[in-house]
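Protein chains in written order, with my numbering: chain A, 1 to 278; chain B, 1 to 93.
Some clues are possibly wrong.
Away from chain A, derived, C-beta distances all over 10 Å, residues of chain B [claimed, not checked]: (1) Leu11; (2) Gly13; (3) Gln30; (4) Thr46; (5) Thr48; (6) Gln50; (7) Leu51; (8) Asn52; (9) Val56; (10) Glu58; (11) Ala64; (12) Lys79; (13) Thr80.
With a Cα cut of at most 30 Å, we get these calculated DSBU-like pairs of lysine-lysine [to be verified]: (14) Lys65(A) / Lys272(A); (15) Lys196(A) / Lys272(A); (16) Lys6(B) / Lys277(A); (17) Lys272(A) / Lys74(B); (18) Lys42(A) / Lys6(B); (19) Lys42(A) / Lys155(A); (20) Lys88(A) / Lys103(A); (21) Lys74(B) / Lys42(A); (22) Lys10(B) / Lys277(A); (23) Lys10(B) / Lys88(A).
Calculated from the structure, these hints are not laboratory results. We put the beta carbon where it would ideally sit given N, CA and C, even for glycine.
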Amino acid sequence: MTRTLAFCAVAALVAAAPIPQAAGQSKPPAVERDTTTEEFEKFRVVLEADNPAELFELKGAELWKTPRGPKQTSLERCDLGLGPGAVKGAYVQLPRYFADTGKVMDAEQRIVHCMVTLQGFDAAALAKQPFSNETHTPDPVAITTFVAGQSRGMKIAPPQTHPRERETYAIGREIFFYRAGGYDFSCASCHGEDGKRIRTQQLPNFTRPDQAIRSYQGWPGYRMTGGVMHTLQWRLWDCFRQQRFPEPGYVSDSLTALLTYLAVNARGQVYKGPGIKR
Amino acid sequence: MGDPMKIRAKLDGDVLDVRVLMAHPMETGQRKDGAGNLVPLHFIQTMTAQLNGKPVLEAETSQAISRNPVFGFKLKGAKTGDKRTDEVTVPTG
Numbered sequence: 001m002t003r004t005l006a007f008c009a010v011a012a013l014v015a016a017a018p019i020p021q022a023a024g025q026s027k028p029p030a031v032e033r034d035t036t037t038e039e040f041e042k043f044r045v046v047l048e049a050d051n052p053a054e055l056f057e058l059k060g061a062e063l064w065k066t067p068r069g070p071k072q073t074s075l076e077r078c079d080l081g082l083g084p085g086a087v088k089g090a091y092v093q094l095p096r097y098f099a100d101t102g103k104v105m106d107a108e109q110r111i112v113h114c115m116v117t118l119q120g121f122d123a124a125a126l127a128k129q130p131f132s133n134e135t136h137t138p139d140p141v142a143i144t145t146f147v148a149g150q151s152r153g154m155k156i157a158p159p160q161t162h163p164r165e166r167e168t169y170a171i172g173r174e175i176f177f178y179r180a181g182g183y184d185f186s187c188a189s190c191h192g193e194d195g196k197r198i199r200t201q202q203l204p205n206f207t208r209p210d211q212a213i214r215s216y217q218g219w220p221g222y223r224m225t226g227g228v229m230h231t232l233q234w235r236l237w238d239c240f241r242q243q244r245f246p247e248p249g250y251v252s253d254s255l256t257a258l259l260t261y262l263a264v265n266a267r268g269q270v271y272k273g274p275g276i277k278r
Numbered sequence: 001m002g003d004p005m006k007i008r009a010k011l012d013g014d015v016l017d018v019r020v021l022m023a024h025p026m027e028t029g030q031r032k033d034g035a036g037n038l039v040p041l042h043f044i045q046t047m048t049a050q051l052n053g054k055p056v057l058e059a060e061t062s063q064a065i066s067r068n069p070v071f072g073f074k075l076k077g078a079k080t081g082d083k084r085t086d087e088v089t090v091p092t093g
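Build out the structure end to end from the sequences listed, making use of the hints.
Next up, the structure:
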């Protein structure tokens, strides 16, 4: 399994390597009409009406209100930024600064924080196997899916009023453009300009507000490949892996910074809720 | 906690469009786990839907169906306020 994935990533990176442009060609070629993407788009629209992500939303809702953990409490006192227990609209207003921890936190990071502080779960144990596989969906994934679903149809609006929020955005921007690793890659190598693609997949330019929404849209997402539910924590972890970067820590501050950069870039765009991915 | 199931029904004239989302691993019996052992066969084998106590659908399903499947069917003669019971039988092996 791991071996197959690693091989795909290499193929993806080779395909993503910039193609030198012919001399004298001043204007980049217009984004060509991609019939594969268009066909898949139709398929996705049909599937969105019956997205298995909803099953994980239901499960997350159940987990949210069930007394669990060593302290046998529910998450109904968890403050996602809009007050204890307020879930509606919280996801699109994250990451944000939390006075109780003194730092900016993203949705999943905050949920894990609540599971640890309110319910008494062990943070290290939660980080041990943080991502879904064919047989297991970690609780924070289902809970994050539920929380994200409660912001369906709302505008992305992470606050940038606290100095730490602005600082976190700046750090995220730094990480986005930071070139490193064996391939001298950065996030911006693939997502920093228009018209890039990996194999048949066209890549959004996250520095543009109208395209930055595509970093948030569809996540948490149900991946048809394997039939597993994934959140943005997994997606960014996978980006790091594809770039041959050191593995980022689960719900780490670096990922929160990067998510802050992406969310702020997508401000004002409507979030359609948990999605479906191929 | 049992895995959730989601049922949606839309009445269009006298035709009811029913969509059922089911949480199920749908193991084919051919997949191997991380340790290289075969994951035992485990899939939805039969499905029945009833309307007002009367069976309207009986299905036998195979392991060719995806994980967390969606099942859709249409039926005539349903009215708003009708009661439904649904049952999915999932025998092991």
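**OP:** Please flag the earlier hints that this structure goes against, numbers listed from lowest up.
**Re:** none
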